[in-house]
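Residue numbers (our numbering), protein chains in the order written: chain A, 1 to 157; chain B, 158 to 314.
Heads up, some of the hints might be wrong.
Within a straight-line C-alpha distance of at most 20 Å, the following computed PhoX-like cross-link-like pairs (lysine-lysine) qualify [as the list claims (entries may be wrong)]:
hint: 1; chain 1: B; residue 1: K302; chain 2: A; residue 2: K134
hint: 2; chain 1: A; residue 1: K8; chain 2: B; residue 2: K313
hint: 3; chain 1: A; residue 1: K134; chain 2: A; residue 2: K85
hint: 4; chain 1: A; residue 1: K156; chain 2: B; residue 2: K165
hint: 5; chain 1: A; residue 1: K55; chain 2: A; residue 2: K87
hint: 6; chain 1: A; residue 1: K78; chain 2: A; residue 2: K134
hint: 7; chain 1: B; residue 1: K313; chain 2: A; residue 2: K134
hint: 8; chain 1: A; residue 1: K24; chain 2: B; residue 2: K235
hint: 9; chain 1: B; residue 1: K242; chain 2: B; residue 2: K165
hint: 10; chain 1: B; residue 1: K302; chain 2: A; residue 2: K24
hint: 11; chain 1: A; residue 1: K134; chain 2: A; residue 2: K145
hint: 12; chain 1: A; residue 1: K134; chain 2: B; residue 2: K244
hint: 13; chain 1: A; residue 1: K156; chain 2: A; residue 2: K138
hint: 14; chain 1: B; residue 1: K297; chain 2: A; residue 2: K134
hint: 15; chain 1: B; residue 1: K291; chain 2: B; residue 2: K244
hint: 16; chain 1: A; residue 1: K55; chain 2: A; residue 2: K8
hint: 17; chain 1: A; residue 1: K8; chain 2: B; residue 2: K291
hint: 18; chain 1: B; residue 1: K291; chain 2: A; residue 2: K87
hint: 19; chain 1: A; residue 1: K87; chain 2: A; residue 2: K134
hint: 20; chain 1: B; residue 1: K242; chain 2: B; residue 2: K291
hint: 21; chain 1: B; residue 1: K212; chain 2: B; residue 2: K242
hint: 22; chain 1: A; residue 1: K145; chain 2: A; residue 2: K156
hint: 23; chain 1: B; residue 1: K212; chain 2: B; residue 2: K235
hint: 24; chain 1: A; residue 1: K156; chain 2: B; residue 2: K242
hint: 25; chain 1: B; residue 1: K181; chain 2: B; residue 2: K165
hint: 26; chain 1: B; residue 1: K302; chain 2: B; residue 2: K313
hint: 27; chain 1: A; residue 1: K55; chain 2: B; residue 2: K242
hint: 28; chain 1: B; residue 1: K302; chain 2: B; residue 2: K235
Quick caveat, the hints were computed from the structure, so don't treat them as lab data.
Protein chains: 2
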Amino acid sequence: MNDINFEKRISIEQVEESTELAPKFDTDGLIPVVTTDYSSGEVLMQGYMNEEAFKQTITLGQAVYYSRSRNTLWHKGKTSGLIQKIKEIRIDDDQDSVWLRVDVQGGASCHVGYRSCFYRSIPFGDNISSIVLKFEEKEKVFDPKEIYGDAPNPTKL
Amino acid sequence: MNDINFEKRISIEQVEESTELAPKFDTDGLIPVVTTDYSSGEVLMQGYMNEEAFKQTITLGQAVYYSRSRNTLWHKGKTSGLIQKIKEIRIDDDQDSVWLRVDVQGGASCHVGYRSCFYRSIPFGDNISSIVLKFEEKEKVFDPKEIYGDAPNPTKL
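All chains, full assembly: derive it from the sequences and hints.
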């Protein structure tokens, strides 16, 4: 595995208009990542990478995130088998956000068991009086208990 | 415009499996937002909303973000005319991330002038020795100078 170096950020021109990769990590050392399904375009999840996770994602060709709840590198799918194989990596204009386009082995990305983490929609418009979420996915792809057993639920209140 | 109330987060079951909207804002009061083009599925941008921006987005049916660089509500397109009309709003499993599906008036979302903010890709794989970004969009949709004039560039080093 080669060692990858990120460039120093020296000018707006360099960051926005050049071919140099000079990502910006926030004060916690993280960069947000949105992950979409390569075939359907569906947004599967939103996560974070630190510098090491970003470098591993690039060299490994599989999504490696940083888990804020567990404070550790998180090679997605290593426990569940639902590996995210990278098809394309994109960086945004000011290089503080990453877009991963992936193929998911097993077809699901959500620890609750759905294909996408975004399985519910929010009604909108100026006639909304009370908000009732709508389930856009009707059936879970897998049973979380079978896959994760007694591992603690990552959702924090 | 109706006043919208978010629910209190009381249990993992409620957050993950119910129809109640109980979003989690981070310690800065923000929730990350990924915005995709409703027709093409392309990721246009990644931003943030605070509670007020989220409520305005829901009632207005247009994307309202919170600008971290300018510390203010940001009704996208109010300056440039490139309004993002909401087609669908989704929330993720633990309700700490939002997905907006939008139609963009004018066809561009990026202050640099491209259709998407993610106009460059990053090469990947274990044979990568040096990283050279590739421009996936060849031509700008608009000239930023014509649209924004002398307004300060939002990109921060």
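Exercise. Hint by hint, which ones does the structure fall short of?
Worked result: Violated: hints 1, 3, 6, 7, 8, 9, 10, 11, 13, 14, 15, 19, 20, 24, 27.
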